[in-house]
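Here are the chains, one letter per residue:
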Amino acid sequence: MSDDRLSLVFGALADPTRRAILTRLAEGEATVAELAAPFSVSQPAISKHLKVLENAGLVSRSRRATARLSRLEAGPLREVTTWLARYQRFWDESHERLDDLLAVLQAGQEESPPKAGDHSEGNDDE
Amino acid sequence: MSKTQITAEPGIPQITITREFNAPRDLVFRAHIEPELVAQWLGPRDLTLAIDRWEARDGGTWRYVHTDTHGNTYGFHGVFHGDPSPQAIVQTFEFEGAPGHVALQTATFNDRGGSTLARTVSAFQSVEDRDAMVASGMERGARDSDERLAELLAKLQSS
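As given, the protein sequences belong to chains B and U, one line each in that order. Residue numbering for the first sequence follows my numbering, beginning at 1 and increasing consecutively. Residue numbering for the second sequence follows my numbering, beginning at 1 and increasing consecutively.
Isolated chain U, as found in the complex (with noise of 0.2 Å):
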């Protein structure tokens, strides 16, 4: 069972992710806002990560390009929004294969106690922009999708 939880309801175009850290809450924020460190863990290993621009601060903007195993590119951008601190990291995301398709994310990190809970929603302008996303965005070799639906049948049997 993964540890990452990630909810997409039918109907409303939200995509919350949650994962527990086992770090105190200023160490995870950090790993959100430095790009030296944003560098070392978002995407799979199998995309390389090019930083451009990370200014974590109010009106600030980043960009990031992934490119795959094949040289396919893509880029995303965005701006902060208020200064970014552990109750809130807000900013705008663009994939630039779909211009003017943005979303809102707002993270927020949660002090469990020598652990930290981080949860990152994110609201798109409509259901059809969140399925695409996920559906395009992240695009990766598929894999065995009957493996896919066993799992999927084991979890419909356990709810």
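Only chain B is shown next, with the shape it has when bound in the complex (with noise of 0.2 Å):
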């Protein structure tokens, strides 16, 4: 995903509207009178959120009869979720690792007083 895309997505789901509307979506397609009945805004306002969320590629839109349906496309969420998902599992398992050190320490620390810069044999083992 290009990085223009990626700030479009991560603009749409700033908002916590568009947040609720994709939840929603994500149960199947709605029209614009049924996205808006659990918010205490107007069907435009709705439209508006839709528009960006359209805007994202996160929303399709398709004619009914006379319904405008709006459906989920969750491409855009993976890509984004892979992004983010990485560099969290890299500090998330940093700092589990640093969790272990931090108890290895402090046990030693128990033993023996403290010492500036003592950080000698036997505090190393995972």
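No lab work stands behind these hints: they were computed from the structure. Glycine residues also receive a C-beta, built at the ideal position from the N, C-alpha and C atoms. Take these hints with a grain of salt, some might be off.
Stated by the list, open to error - So the derived list for chain B, only partly shown, Cβ under 7 Å to chain U, looks like this:
1. Leu6
2. Phe10
3. Ala14
4. Gln88
5. Phe90
6. Trp91
7. Asp92
8. Glu93
9. His95
10. Arg97
11. Leu98
12. Leu102
13. Leu105
14. Gln106
Bring the two chains, given one by one in their own frames, into a single complex with the hints.
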């Protein structure tokens, strides 16, 4: 995904009403009226949000008889979550290792008073 | 739910990482400035970390190389600005695969009465730089994206 597209997707996700719309669409297609029902905002306001979601590629629209249906396009969400997931995993795992290390260091400190810069043998097993 | 919170807001070239550690502030701080300690935790277990330099003092430089299981290497380097203290460790950060794209990283450590809240703010030169860094700099094997999608949707629902 290009950086511009990524920015569009993040921009679209930055609004709580738009996130709620996506959550609703995850259950299936819906009309503007159906999407507006849970909110205290007008249908034109919902239409505006849908436009933003459509520009980001998160929603597509089709017509059935007189109703205009919106549906969730999950592709960009998948790319965004993959984008952050790698980074998240890098730090999750680093920090879990740091937890382990801190526990070992603290156990070492209880045995002998801490000295600045003292990290001699016996403290580095994982 | 992950204990490490990563915030990357749209349109703002920053990433904030926060994490609480069950250890006193001085110890968490030491684990960030002593190379022998840094070497024991920085990066996931399947990457091998080799620290070339880690001179945690004003003007000191640092460099390390991560090697993955396929033998690919990823080098990173930068400079420490100001003498590191638990109030702040300030350093620049550059991925050698993208020279000239530099982030400014500030780590702070707050005493929470026995535990420590570590917070790192990385400021990039542009939103594009930030997004590219996250996408490529920390590249690892992709996981099942449908599973991730399910998690995201669950998150969307609860927010």
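Hints, one by one, checked against the model:
Interface restraint check for B/Leu6: the shortest CB-CB distance to chain U comes to about 5 Å, inside 7 Å, so the restraint holds. Hint on B/Phe10 holds. Least Cβ distance to chain U is approximately 3 Å, under the 7 Å limit. With its C-beta approaching chain U no nearer than about 5 Å, B/Ala14 sits inside the 7 Å limit, and its interface hint holds. Hint on B/Gln88 holds. Least Cβ distance to chain U is approximately 6 Å, under the 7 Å limit.
Hint status for B/Phe90: holds, given a least beta-carbon distance of 5 Å to chain U, under 7 Å. With its C-beta approaching chain U no nearer than about 5 Å, B/Trp91 sits inside the 7 Å limit, and its interface hint holds. This hint holds: B/Asp92 has a C-beta 5 Å from the nearest C-beta of chain U, less than the 7 Å allowed. Hint status for B/Glu93 relative to chain U: holds, with the closest Cβ pair at about 4 Å, below 7 Å.
Taking 7 Å as the C-beta cut-off, the interface hint given for B/His95 holds, the closest approach to chain U being about 5 Å. For the restraint placing B/Arg97 at the interface with chain U, the shortest Cβ-Cβ distance is roughly 4 Å, inside the 7 Å limit, so the hint holds. With a least beta-carbon distance of about 4 Å to chain U, the hint placing B/Leu98 at the interface is held under the 7 Å criterion. Checking B/Leu102 against chain U by beta carbon gives a least distance of about 4 Å; that is within 7 Å, so the hint holds.
The closest approach between the C-beta of B/Leu105 and any C-beta of chain U is roughly 6 Å, which is under the 7 Å cut-off, so the hint is satisfied. Annotation: B/Gln106 was flagged as interfacial toward chain U, and the flag holds, the nearest CB pair being 6 Å apart, inside 7 Å.
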